[in-house]
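Following the hints, put chain R in place on chain V, whose structure we already have.
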Amino acid sequence: MPARTLGLAAISVAALALLVWVLVHWRLPGNDAGYTPVQPIAFSHRLHSTDLQINCLYCHAGANTARYAGMPAANVCMNCHRFVAAPTQAVKDEQWRAAREGRDVRRIVSDAMRTLYRAQGLDDALRPDPKITPQPIAWVRVTQFPDFAYFDHRAHSRVGIECQRCHGEVQTFERTRQDQSLSMGSCVACHRESNRQGVNGMAVQASLDCVSCHR
Amino acid sequence: MSKFDTTSRRTFLQAAGFTIAAAAMPGCSRPPERSRVTHLVQPEVASPGERLQYATTCPGCSAGCGVLASVRDGRPVKLEGLPGHPVSQGGLCAAGQASILGLYDGKRVRQPRLDGKPVSWDRIDAGLKTEFAAARGATRVLTGTDAAASPTTRAMISRFLGGFADARHDVYDVLSASAIADAHRATHGARVIPRFRFDRADVVVAFEADFLGTWISPVEFAAAYTRQRPRLHVQVESRMTLTGSKADRRIVVAPGDLGPTMAALVARLASRAGHGVVVPAVLPTGLTAETMDRLADSLWRARGRALVACGSENVPLQRLVSFANEMLQAYGSTLDLTRPSRQRLGDDASIARLTRELETGAVGVLVTSGVNPIHELPEGSQWAELLTKVPVWVSVAERVDETAALARYLCPSPHPFESWGDYEPIAGTVCLRQPTTAAVGRHALAGCQPRRVERCAARCRGAAAGPLARRGV
Numbered sequence: 001m002p003a004r005t006l007g008l009a010a011i012s013v014a015a016l017a018l019l020v021w022v023l024v025h026w027r028l029p030g031n032d033a034g035y036t037p038v039q040p041i042a043f044s045h046r047l048h049s050t051d052l053q054i055n056c057l058y059c060h061a062g063a064n065t066a067r068y069a070g071m072p073a074a075n076v077c078m079n080c081h082r083f084v085a086a087p088t089q090a091v092k093d094e095q096w097r098a099a100r101e102g103r104d105v106r107r108i109v110s111d112a113m114r115t116l117y118r119a120q121g122l123d124d125a126l127r128p129d130p131k132i133t134p135q136p137i138a139w140v141r142v143t144q145f146p147d148f149a150y151f152d153h154r155a156h157s158r159v160g161i162e163c164q165r166c167h168g169e170v171q172t173f174e175r176t177r178q179d180q181s182l183s184m185g186s187c188v189a190c191h192r193e194s195n196r197q198g199v200n201g202m203a204v205q206a207s208l209d210c211v212s213c214h215r
Numbered sequence: 001m002s003k004f005d006t007t008s009r010r011t012f013l014q015a016a017g018f019t020i021a022a023a024a025m026p027g028c029s030r031p032p033e034r035s036r037v038t039h040l041v042q043p044e045v046a047s048p049g050e051r052l053q054y055a056t057t058c059p060g061c062s063a064g065c066g067v068l069a070s071v072r073d074g075r076p077v078k079l080e081g082l083p084g085h086p087v088s089q090g091g092l093c094a095a096g097q098a099s100i101l102g103l104y105d106g107k108r109v110r111q112p113r114l115d116g117k118p119v120s121w122d123r124i125d126a127g128l129k130t131e132f133a134a135a136r137g138a139t140r141v142l143t144g145t146d147a148a149a150s151p152t153t154r155a156m157i158s159r160f161l162g163g164f165a166d167a168r169h170d171v172y173d174v175l176s177a178s179a180i181a182d183a184h185r186a187t188h189g190a191r192v193i194p195r196f197r198f199d200r201a202d203v204v205v206a207f208e209a210d211f212l213g214t215w216i217s218p219v220e221f222a223a224a225y226t227r228q229r230p231r232l233h234v235q236v237e238s239r240m241t242l243t244g245s246k247a248d249r250r251i252v253v254a255p256g257d258l259g260p261t262m263a264a265l266v267a268r269l270a271s272r273a274g275h276g277v278v279v280p281a282v283l284p285t286g287l288t289a290e291t292m293d294r295l296a297d298s299l300w301r302a303r304g305r306a307l308v309a310c311g312s313e314n315v316p317l318q319r320l321v322s323f324a325n326e327m328l329q330a331y332g333s334t335l336d337l338t339r340p341s342r343q344r345l346g347d348d349a350s351i352a353r354l355t356r357e358l359e360t361g362a363v364g365v366l367v368t369s370g371v372n373p374i375h376e377l378p379e380g381s382q383w384a385e386l387l388t389k390v391p392v393w394v395s396v397a398e399r400v401d402e403t404a405a406l407a408r409y410l411c412p413s414p415h416p417f418e419s420w421g422d423y424e425p426i427a428g429t430v431c432l433r434q435p436t437t438a439a440v441g442r443h444a445l446a447g448c449q450p451r452r453v454e455r456c457a458a459r460c461r462g463a464a465a466g467p468l469a470r471r472g473v
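Chains as they are written, first to last, in this note's numbering: chain V, 1 to 215; chain R, 1 to 473.
Next up, chain V with everything else stripped away, as it sits in the complex (with noise of 0.2 Å):
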């Protein structure tokens, strides 16, 4: 085969590779459905929604009164988890555990538990140890917005849109992940069929203007 083909045929196949890898990878901006990134933290909201039946609220606090619907700071964990520190089947297997070997029950302390105590600087005891720098958790974002697109929760979660309109059924998810995708369509589909058919039984305007979103 002469030299020139060979060169045309790898070309052509680098092409397709290529364009095999853009029809896989294409996303729209806004658009992550599917990510679920490893938190520093096991979070589970299927546990804490779910089973505990603790309102969205109650940790993401801005998403009725504020743009950004937040995430909330290590001592709302604490409200709870001053007490809890492992899972109720670890606590009784160690309360039987120590029933039969007749001894005192001792604190049984997660992984993620410690995670959360030493990010405070606390030990498993939950007392300041001065050897233990306090450092933020620093959770992976799983819902980026692109920066050319302004969206407020406000407007949402007042006319009574779930969350789980855009962001999935989250009480279920053992781990956190985007749902769908959140890119513009998605966001004027919704708005188009609001307008159409209200929310809730109540009437709209579900804004379709450009400057609403890409102010």
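Treat the hints as calculated values from the structure; they're not laboratory data. For glycine and all other residues, C-beta sits at the position ideal for the given N, C-alpha and C.
To be clear about the criterion: a stretch of chain R counts as covered by chain V if any three or more of its residues have a C-beta under 8 Å from a C-beta of chain V, and this derived list gives those stretches:
hint, segment
1, 33–40
2, 46–59
Each computed DSS-like pair below joins lysine-lysine, with the alpha-carbon atoms no more than 30 Å apart:
hint, chain 1, residue 1, chain 2, residue 2
3, R, 107, R, 78
4, V, 131, R, 129
5, V, 131, R, 117
Below, chain R without anything else, positioned relative to chain V:
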């Protein structure tokens, strides 16, 4: 002839097309991973996602404007002017807006360094205590106006210097206005820069003074200028400035003709004031006697409401300006000497003196804080050599710049948005600086957070540390 010279238009367009397509592709994949750093303990007033505003003083330059820092989840994200601030009246310039970026600069130095290696503060304190005790020769502290115009910092520096026999605090400005102060020492007996009151001026003639753009306190002057626009504003300058573009009349003179133009105007004013001066007949190219006469007449008719400003660094020229303003009865009306500006405290003569002292090896201890003389001074390259010859040289800096990189002792200082402070932009008007955030970034060792220069000084003086230092100012 290399092969690049033979690139045809078509090849270039192909290459450019592929490059642009390749560059656009990452834009359609997911954005880089970002973290969401939360509070450990939520401040009582704040809730997640909500915006809090902190009033503080702008660190962008030495003008001392007021800013409102919008803080979200413990991090300042946007600056705006502080409404009703005595200096800036709610305005904020581009440099001020951008000053927030310095807070998140990844190149900031976060741990003290000795000979370039990260060490603890205890090592630095102990090392400096012995070095200071054994030091011979003069002690000099070199800062910018931001340290010198802060009453607390100034007091702490003079307390530190009080322990040494031959000690001095030298100040310089990158954009110097030293000649104005030097001229006032000669004409008024006090080395001050008067506060320019453009809002009280009916007629303003500015020589190379870009007072709406870069000169001394542009936001303050712009606020005054817009509140009460002068009836006549004439700008005499060699290149177009923002101020020149706003003037009623813009007179273009070559940089070298600034002096003769000024002299022609002042002579005309003096003859109107009855001083019997001979008005020079020869004028710089492009100027006519009629123009200068009209200018002098406008100023003279507006006596008491007229102002001549000059941005030149030539002391005799600035003395002429003082003379003109005196004849125009500007002092007390459009120029405030009782509550002078403290926004440019630099003294070029003292820096020249310091350079000579460094050359002769008279300086034994040198502390440079918040300045980068190797980059900023005209004789910078010479300073690189001189500084390394000083026996004890401590550099207090936010980042490793040209100067700090050479220092044996490098003490990191916090960003003004991370620390308490005060500032006196106008004599008698003191502005406070409050932290808007906890120290940004992770620290390798506990207790290695940056320290302000006065705290460094206080720690090195040991028992002499004042009450402010103990409170951790």
